[in-house]
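Colleague: Sequence:
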Amino acid sequence: MKRLLICSTIFCFNSLHAQDNITRFLASDSVTVTIDMPARMYKGKQTIITFYALPNGNSTEQTMGRKMKEGDDWHFDIQHIRAQTRFIRNQFGRSINFVVIYLENSGKSWPAWKQQHPNFRLQIPALVDSLTDIIPGKKKEIHLNGHSGGGSFIFGYIAGVGVIPSEIKRITFLDSNYGYDSTYQVAFANWVKSTKDAALTVFAYNDSVALLNGKPFVSPTGGTWWRSHLMLRQLQGNFEIKKERDDSLVVYKAVDKQIRFFFKTNPDRKIFHTTQVERNGFIHSVLCGTKYDSKDYTYYGERAYADLLE
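Numbering (my numbering), first residue to last: 31 to 340.
Please note that a few of the clues may not be correct.
[To be verified] Derived PhoX-like pairs: lysine-lysine, alpha-carbon spacing no greater than 25 Å straight-line:
#1 Lys-170 <-> Lys-273
#2 Lys-73 <-> Lys-273
#3 Lys-273 <-> Lys-321
#4 Lys-97 <-> Lys-321
#5 Lys-168 <-> Lys-75
#6 Lys-97 <-> Lys-226
#7 Lys-287 <-> Lys-321
[As the list claims (entries may be wrong)] So the derived label-pair ranges between C-beta atoms look like this:
#8 Ser-324 <-> Met-98: 36 to 44 Å
#9 Gly-101 <-> Lys-272: 34 to 42 Å
#10 Lys-273 <-> Ser-196: 42 to 50 Å
#11 Val-280 <-> Thr-320: 49 to 57 Å
#12 Gly-87 <-> Leu-339: 17 to 25 Å
#13 Arg-96 <-> Ala-142: 41 to 49 Å
#14 Ser-324 <-> Asp-107: 17 to 25 Å
#15 Lys-325 <-> Met-71: 32 to 40 Å
#16 Ser-324 <-> Asn-243: 30 to 38 Å
#17 Val-280 <-> Gly-87: 37 to 45 Å
#18 Leu-56 <-> Lys-273: 28 to 36 Å
#19 Thr-328 <-> Trp-104: 37 to 45 Å
#20 Lys-272 <-> Thr-328: 18 to 26 Å
Source of the hints: derived by calculation from the structure; they are not laboratory data. Glycine included, C-beta positions come from ideal geometry on N, C-alpha and C.
Taking the hints into account, I'd like the entire structure generated from these sequences.
Modeller: In structure tokens form, the structure reads like this:
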């Protein structure tokens with residue numbers, strides 16, 4: 031019934047940007063959904079549906095980003111998911127339909143939203159299922175992605191389903207796995223083992239030494255640096271994961287599975303939280319491990335999507 035309610039609501043709203051086929055609607059009294067579909071969907075082709083759970087404190091418009099003009103809020107220039115989506119579509123061409131679904135809640139915080147909605151274990155999977163149903167196509171695969179507090183949405187989904195379904199092909203934490211603990215390790219390990227082409231990708235920087243106004247703002251064990259290393263150590267009990275690169279960017283990769291960890295070092299104790307997204311992070315979260323990996327872009331390099339900003 032929950033699924034049908036959400037589906038019936040979507041058709042009450044018109045596209046805001048016909049050129050990009052962007053549609054926005056309320057999925058509930060507290061969740062706003064924005065679907066960015068390609069201008070043309072190629073029939074019979076694979077369709078990737080990426081759920082992007084918004085970071086704390088950001089609106090969908092800010093997350094999508096735009097070419098900055100005088101007086102614009104700086105939040106419009108720190109993620110640029112819309113332009114990065116265009117870059118990904120250009121890479122895929124006609125071979126894959128790439129859809130992004132932005133998920134925003136009224137409090138602009140998924141951790142807080144979960145606290146206010148004790149039945150989130152039912153609501154979040156129902157939302158993902160319902161939105162997947164309304165995207166056209168028969169060859170669908172689902173990606174769960176999120177930055178900052180958006181990772182809490184992903185953990186909420188896993189807590190709800192228990193066993194991650196095979197339709198989920200890629201899970202990405204873009205500096206967002208603050209909520210990770212050992213209770214999730216079995217779910218991740220079983221999913222990677224049992225799901226063909228499952229990809230788990232984690233991005234983090236050393237926030238444990240970062241300074242804000244000259245002072246640390248993350249506890250030694252409270253940030254993504256510590257949580258990601260805990261996650262890595264626990265997964266190494268199930269998979270052979272080796273260090274592939276060790277310089278300003280430390281990369282770990284599973285030998286025979288699609289598991290990757292990208293760690294940004296921080297000798298100058300700066301804040302790189304959203305820089306990881308801005309510097310082609312969303313692009314890499316979708317394309318790493320595929321034949322498009324690092325094609326015409328470099329993770330943590332210059333903006334490969336600069337000419338696609340509007």
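Colleague: Please go over all the hints and tell whether each is borne out by the structure.
Modeller: Results for each hint:
| no. | hint | verdict |
| --- | --- | --- |
| 1 | Lys-170 <-> Lys-273 | violated, 32 Å |
| 2 | Lys-73 <-> Lys-273 | violated, 40 Å |
| 3 | Lys-273 <-> Lys-321 | holds, 21 Å |
| 4 | Lys-97 <-> Lys-321 | violated, 30 Å |
| 5 | Lys-168 <-> Lys-75 | holds, 8 Å |
| 6 | Lys-97 <-> Lys-226 | violated, 39 Å |
| 7 | Lys-287 <-> Lys-321 | holds, 15 Å |
| 8 | Ser-324 <-> Met-98: 36 to 44 Å | violated, 27 Å |
| 9 | Gly-101 <-> Lys-272: 34 to 42 Å | violated, 49 Å |
| 10 | Lys-273 <-> Ser-196: 42 to 50 Å | violated, 29 Å |
| 11 | Val-280 <-> Thr-320: 49 to 57 Å | violated, 22 Å |
| 12 | Gly-87 <-> Leu-339: 17 to 25 Å | holds, 22 Å |
| 13 | Arg-96 <-> Ala-142: 41 to 49 Å | violated, 27 Å |
| 14 | Ser-324 <-> Asp-107: 17 to 25 Å | holds, 24 Å |
| 15 | Lys-325 <-> Met-71: 32 to 40 Å | violated, 23 Å |
| 16 | Ser-324 <-> Asn-243: 30 to 38 Å | holds, 36 Å |
| 17 | Val-280 <-> Gly-87: 37 to 45 Å | violated, 28 Å |
| 18 | Leu-56 <-> Lys-273: 28 to 36 Å | violated, 45 Å |
| 19 | Thr-328 <-> Trp-104: 37 to 45 Å | violated, 24 Å |
| 20 | Lys-272 <-> Thr-328: 18 to 26 Å | holds, 22 Å |
Checked against the numbered hints given earlier, the structure breaks hints 1, 2, 4, 6, 8, 9, 10, 11, 13, 15, 17, 18 and 19 and satisfies all the rest.
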